[in-house]
Amino acid sequence: MLKIRNVMILKILFHNIYIYIYIYIYIYCLILHISYILYVEVEFKVYPYSFYGLRLS
1286 MLKIRNVMIL KILFHNIYIY IYIYIYIYCL ILHISYILYV EVEFKVYPYS
1336 FYGLRLS
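Just add 1285 to wherever you are in the sequence shown, counting from 1, and you've got this note's numbering.
Be aware that a few hints might be false.
[As the list claims (entries may be wrong)] Okay, the calculated beta carbon distance ranges per label pair: (1) His1318 x Lys1288: 44 to 54 Å; (2) Ile1308 x Lys1288: 27 to 37 Å; (3) Cys1314 x Ile1294: 28 to 38 Å; (4) Val1292 x Tyr1324: 40 to 50 Å; (5) Tyr1311 x Ile1289: 32 to 42 Å; (6) Arg1290 x Tyr1324: 49 to 59 Å.
[Claimed, not checked] Here are the computed lysine to any residue pairs in the SDA-like style, where the Cα-Cα straight-line distance is at most 25 Å: (7) Lys1296 x Tyr1311; (8) Lys1288 x Phe1299; (9) Lys1296 x Ile1308; (10) Lys1288 x Tyr1303; (11) Lys1288 x His1300; (12) Lys1288 x Asn1301; (13) Lys1296 x Ile1310; (14) Lys1296 x Ile1306; (15) Lys1296 x Tyr1309; (16) Lys1288 x Leu1298; (17) Lys1296 x Tyr1307; (18) Lys1288 x Ile1302.
Honestly, the hints are just simulated from the structure, not real lab data.
All values derive from a computational prediction rather than experimental measurement.
Glycine included, each C-beta is placed from N, C-alpha and C at the ideal position.
The task is simple: from the sequences and hints, build the whole structure.
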């Protein structure tokens, strides 16, 4: 009985770790995406071609 409980706890822990890794990667990609868009806008002045440019103009 105790062994089964330990296995369940391990499964729950690993499940949570996968969720945290997924959220971390998602946030990281989101930050990269936003910084890339801002960089392209500021450096190359391509305001009509991006979502943020359309919103600002």
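With a cut-off of 25 Å on the C-alpha distance, tell me whether Lys1288 and His1300 pass. Given pair Lys1288, His1300 holds - Cα atoms ~18 Å apart, limit 25 Å.
Compare the distance between the alpha carbons of Lys1288 and Tyr1303 with 25 Å, and conclude whether the hinted pair is satisfied. 23 Å, holds
Check the hint pairing Lys1288 with Ile1302 against an upper bound of 25 Å on the C-alpha distance. 21 Å, holds
His1318 paired with Lys1288, Cβ distance criterion 44 to 54 Å: Between His1318 and Lys1288, where Cβ atoms are some 45 Å apart, the hint holds.
Is the hinted pair Lys1296 and Ile1310 satisfied, with a Cα-Cα distance of at most 25 Å? 21 Å, holds
Holds or violated: Lys1296 with Ile1308, Cα cutoff 25 Å? 18 Å, holds
Would you mind confirming whether the straight-line C-alpha gap from Lys1296 to Ile1306 stays at or under 25 Å? The given pair, whose Cα atoms are some 15 Å apart, holds under the 25 Å limit.
Given a hint of 28 to 38 Å, does the C-beta separation of Cys1314 and Ile1294 actually sit inside it? Hint holds: Cβ distance 31 Å, inside 28 to 38 Å.
Whether the CB-CB distance between Val1292 and Tyr1324 falls inside 40 to 50 Å: For Tyr1324 against Val1292, whose Cβ atoms are near 48 Å apart, the range 40 to 50 Å holds.
Do the alpha carbons of Lys1296 and Tyr1309 lie within 25 Å of each other, as the hint requires? This hinted pair holds, its Cα atoms lying about 20 Å apart.
Tell me if the straight-line CA distance from Lys1296 to Tyr1307 falls inside 25 Å. Holds, at roughly 17 Å.
Would the hint linking Lys1288 and Leu1298 be met if the CA-CA limit is 25 Å? Roughly 15 Å separates the two Cα atoms, so the pair holds.
The structure is consistent with each of the numbered hints, conforming to all of them.
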